[in-house]
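Engineer: Protein chains in written order, with our numbering: chain A, 586 to 741; chain B, 169 to 966.
A hint or two may mislead.
What the hints assert, rightly or not - With a straight-line cut-off of 20 Å between C-alpha atoms, the simulated SDA-like cross-links for lysine to any residue are: (1) K217/B x T647/A; (2) K217/B x R597/A; (3) K587/A x T864/B.
What the hints assert, rightly or not - Non-contacting residues of chain B with respect to chain A, defined by C-beta distances greater than 10 Å in every case (computed): (4) R191; (5) V273; (6) P867; (7) P894.
Think of the hints as simulated: they come from the structure by calculation, not from any bench.
Beta carbons: idealized from backbone N, C-alpha and C, even for Gly.
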Amino acid sequence: MKLEGEYTLPGRPEELFDRLQDPDVLVAAIPGCERFERLGEDTYRGVVQARLGPVQSVYTTTFRVHDLDPPRSYRLHMEGQGPGGFVQADVLMELIPQDDGHTTLRYSGEAQVGGKIARIGQRLVQAGAGVIINKGFNDLRKRILEDLDADGAAAA
Amino acid sequence: MPNFIGSPVKRVEDKRFITGKGRYTDDIVLPGMTYACIVRSEHAHARIKAIDTSAAEAVDGVLAVFTGQDMVDDGILSIPTGWAVGDAMKEPPHYPLAVGKVHHVGDGVAVVIATDKATAQDAAEQVMIEYEPLPAVVDATAALAPDAPIVHDGLDSNLCFDWELGDRDATDRAMAAAHHVTTYELVNQRVVPNAIEPRSAIGHYDPAREELTLYTSSQNPHLIRLLLCAFVWPDLPEHKVRVVSPDVGGGFGSKIFHYPEEVICAWASKKLERPVKWTAARSESFVTDAHGRDHVSTAELGLDAEGNMVALRVKTVANLGAYLSTFAPAVPTYLYGTLLAGQYRTPHIHVNVKGVFTNTVPVDAYRGAGRPEATFLVERVVELAAKELGMDPAELRRKNFIRPDEFPYDTPVALQYDSGNYEGALDKALEMIGYEDFRREQAEARKQGRLLGIGFSSYIEACGIAPSQVVGALGARAGLYESGGIRVHPTGKVEVFTGTHSHGQGHETTFAQIVAHELGIPLENVEVVHGDTSRVPFGMGTYGSRSLAVGGSAIMRALDKVKDKARKIAAHKLEAAEEDVEFVDGTFRVKGTDRTIGFGDVALTAYVPHDYPEGVEPGLDENAFYDPKNFTFPFGTHICTVEVDPDTGVVRILRYVAVDDVGNIINPMIVEGQIHGGIAQGVGQALFEGAVYDETGQPLTGSYMDYTMPRADDLPSFEVGHQVTPCPHNPLGVKGAGEAGTIASTACVVNAVVDALYHRGIRDIPMPLTPERVWRALHAGGDGAAAAAAPAGGNGQA
Chain A
586 MKLEGEYTLP GRPEELFDRL QDPDVLVAAI PGCERFERLG EDTYRGVVQA
636 RLGPVQSVYT TTFRVHDLDP PRSYRLHMEG QGPGGFVQAD VLMELIPQDD
686 GHTTLRYSGE AQVGGKIARI GQRLVQAGAG VIINKGFNDL RKRILEDLDA
736 DGAAAA
Chain B
169 MPNFIGSPVK RVEDKRFITG KGRYTDDIVL PGMTYACIVR SEHAHARIKA
219 IDTSAAEAVD GVLAVFTGQD MVDDGILSIP TGWAVGDAMK EPPHYPLAVG
269 KVHHVGDGVA VVIATDKATA QDAAEQVMIE YEPLPAVVDA TAALAPDAPI
319 VHDGLDSNLC FDWELGDRDA TDRAMAAAHH VTTYELVNQR VVPNAIEPRS
369 AIGHYDPARE ELTLYTSSQN PHLIRLLLCA FVWPDLPEHK VRVVSPDVGG
419 GFGSKIFHYP EEVICAWASK KLERPVKWTA ARSESFVTDA HGRDHVSTAE
469 LGLDAEGNMV ALRVKTVANL GAYLSTFAPA VPTYLYGTLL AGQYRTPHIH
519 VNVKGVFTNT VPVDAYRGAG RPEATFLVER VVELAAKELG MDPAELRRKN
569 FIRPDEFPYD TPVALQYDSG NYEGALDKAL EMIGYEDFRR EQAEARKQGR
619 LLGIGFSSYI EACGIAPSQV VGALGARAGL YESGGIRVHP TGKVEVFTGT
669 HSHGQGHETT FAQIVAHELG IPLENVEVVH GDTSRVPFGM GTYGSRSLAV
719 GGSAIMRALD KVKDKARKIA AHKLEAAEED VEFVDGTFRV KGTDRTIGFG
769 DVALTAYVPH DYPEGVEPGL DENAFYDPKN FTFPFGTHIC TVEVDPDTGV
819 VRILRYVAVD DVGNIINPMI VEGQIHGGIA QGVGQALFEG AVYDETGQPL
869 TGSYMDYTMP RADDLPSFEV GHQVTPCPHN PLGVKGAGEA GTIASTACVV
919 NAVVDALYHR GIRDIPMPLT PERVWRALHA GGDGAAAAAA PAGGNGQA
């Protein structure tokens with residue numbers, strides 16, 4: 586399954602790049618994430634409750650951030666495993682500066698799903714993934730706005 | 169006394185079925201019952217690095233969690249296949265639960281047993297399995313590539329067997345000399361069997377008696393017991409095991425085989441000393457019931473200038489899935505290659521079949537088992553040849569039919585057809601459909617832009633696979649005879665014991681009709697017993713449309729013994745010589761007199777032998793085993809008409825005519841029902857069904873949201889005609905009717921659709937002929953073949 590899209594976030598790439606690696610920010614961008622812990626330098630583990638089509642399940646998910654090229658791009662590797670099946674994704678995240686001080690976050694990559702999700706919810710996966718990603722970006726945007734506000738307040 | 173043979177008696181079993189009172193395996197509840205849930209692989213191919221069962225074991229209500237290694241350590245061996253195709257056939261182990269590696273999505277890895285089903289299911293989610301995913305191969309042709317991932321450790325390729333039949337050189341020479349050669353490349357796609365009752369098993373071990381009862385939704389309980397005790401669990405003594413297959417809700421082949429869950433429930437029950445039940449969820453059925461078909465083939469049919477078929481050359485790659493299921497090696501070989509002569513006099517035929525392992529659900533017999541694949545190939549390539557030669561498809565068939573005076577006919581692919589009248593069935597079907605009128609209607613419709621088509625399928629099948637000596641020489645690891653028993657009770661009531669099994673076929677009615685007819689007693693005085701190894705003599709179960717031809721013949725033999733003995737008793741009572749006593753309508757009579765004794769009085773005498781003939785044992789209870797001389801050869805011609813909507817690609821079947829010759833008919837209503845169901849199932853493959861995997865081995869059609877079954881409104885009312893050419897070598901003159909519909913109808917429908925579209929440059933559309941595929945073929949600028957090109961393998965639908 587192809588994953589592709591873009592989303593506009595407030596702030597310049599330089600302001601966003603580190604934030605996007607921040608576990609506190611990352612967790613906000615993962616809908617249904619219940620526990621989140623750092624395993625190593627670039628590796629995190631979370632327990633994510635997700636619903637894809639008719640399959641609702643809890644996934645133990647590891648995230649790894651790699652190939653960092655600040656502030657332009659990084660890759661996010663994700664592996665989720667649970668009774669509902671497994672999800673693997675490797676996504677290139679590109680931060681493209683906009684004239685108005687905003688940043689377009691473009692993501693592109695491949696995801697593989699297996700198990701019950703593939704078997705039963707396969708044709709709902711793409712749409713389901715879209716909903717989850719959108720919610721993730723909305724939450725991320727909110728979180729970054731709060732951060733930027735807080736930064737602004739601190740600076741003032 | 170009514171004549172029960174040939175009478176449309178209502179099925180006696182339907183009272184319990186249609187009132188919801190059937191007793192299926194899952195309906196059985198035993199004291200202390202526990203419930204198994206099997207943890208299944210989500211990976212098509214992966215090494216099992218670790219299994220952590222601790223969290224599952226800690227769940228309240230969980231009694232045990234077992235892995236494949238636990239079973240192997242306790243003496244459980246691999247599940248064997250029942251047929252060897254050549255000495256070089258590869259037979260990798262198939263453990264009831266995976267050991268070391270999983271080989272397909274759905275492969276069992278562990279079993280959780282709990283006091284209730286929900287707890288078992290919840291705890292199964294707590295079994296943590298660490299996998300190392302490996303590259304998977306799904307497509308059989310791709311699996312033969314030198315760099316393909318190897319499914320089984322210890323093998324150097326995925327080739328299971330490389331089999332051929334027929335004279336290769338003679339076929340090549342005849343092909344080279346042919347005036348015209350029609351070439352057809354086809355995919356006979358993988359289908360899921362979808363019996364309405366999901367598979368179920370209960371193991372019930374009694375530690376005090378050291379006896380095991382296994383209840384299972386099986387088509388052949390004796391074979392399951394034999395495989396279990398002789399091969400899989402050698403420590404289990406056969407005489408201490410009872411296998412019961414109670415009411416079974418449909419099989420279509422998928423319930424012939426010895427499945428892992430039967431072993432798991434039996435073994436776990438002994439470990440826990442409690443009954444263990446497992447019933448498949450529908451989503452489990454999709455990834456564990458043996459699938460059907462999945463061939464990729466090339467057929468070349470050579471014809472001379474007059475349209476006589478001179479040679480047929482076939483190359484097939486058959487996907488066997490991850491493991492060899494019970495009959496798997498026989499289906500694409502002895503049940504397929506041998507049928508490639510069809511109804512035709514083609515003198516030279518050669519077939520090569522490569523059986524291949526892939527990371528998919530095992531493939532085995534599915535209604536028709538090899539014969540639908542053979543019929544599809546033959547009838548499609550014959551249809552294409554007619555089109556290419558500009559001949560009428562009915563006339564090309566007629567010209568090449570084996571003629572009635574040529575029987576017995578030895579085909580170039582090892583069978584001897586014993587009887588037939590192919591032209592008779594074709595003519596009757598042509599008359600029923602009104603062939604000339606339809607061709608005129610078709611031409612008129614075409615002028616208005618409407619797409620009508622007519623399709624033929626003149627099929628032959630081989631039923632009641634036999635005799636044992638021959639199939640043994642061909643690699644069968646079992647005999648193919650059948651048992652029958654007649655137990656006359658003192659009151660004259662009769663129990664009939666058959667080693668066949670009824671899971672929708674209506675044996676309780678058909679067999680009772682035979683016995684009531686032969687003994688001249690009311691139908692309600694006859695009870696048919698089947699599906700219990702403790703009650704029925706060793707039998708081979710039901711598949712391959714064998715029950716009546718083989719099992720019914722065994723019952724006839726047992727009836728002969730009963731009648732012979734009863735005649736002795738009657739003669740004694742009537743004080744007459746045995747040869748002077750005749751048995752008519754349930755009464756023994758001294759010929760030419762009014763001195764009679766009824767069958768009931770004879771039965772009572774047999775059990776109260778106060779006044780009894782010298783040297784005759786008391787009782788009236790006889791068994792027989794029947795090993796047929798040959799297969800039986802049902803045949804027929806099906807013709808259907810279709811209309812294709814050029815705007816949407818939707819195919820609508822307008823009429824469907826079936827003329828079948830299944831030999832003598834005991835119950836025409838049951839036969840017609842079998843034909844109806846069979847046609848629907850074959851239409852399902854032609855238009856709707858297909859099991860699809862993605863390239864990593866994930867099944868994408870794992871539920872009825874994505875796997876399309878035919879529904880009532882997809883089908884017309886079938887018009888069924890019969891022709892009767894009795895089988896010359898069994899006592900009933902019957903041949904078998906369970907699979908005919910499925911064998912014929914798939915090719916029939918596809919031929920009709922291609923007939924509708926051929927003038928638009930379309931010579932083939934790969935099955936299933938979904939509206940999308942038909943529409944794409946129609947909108948590909950005339951190059952239909954390219955647009956509708958078959959996917960590389962047997963699995964493409966998406």
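Engineer: Among all the numbered hints in the text so far, which are the ones the structure does not match?
Structural biologist: Result: hints 2, 5 and 6 break, sorted rising.
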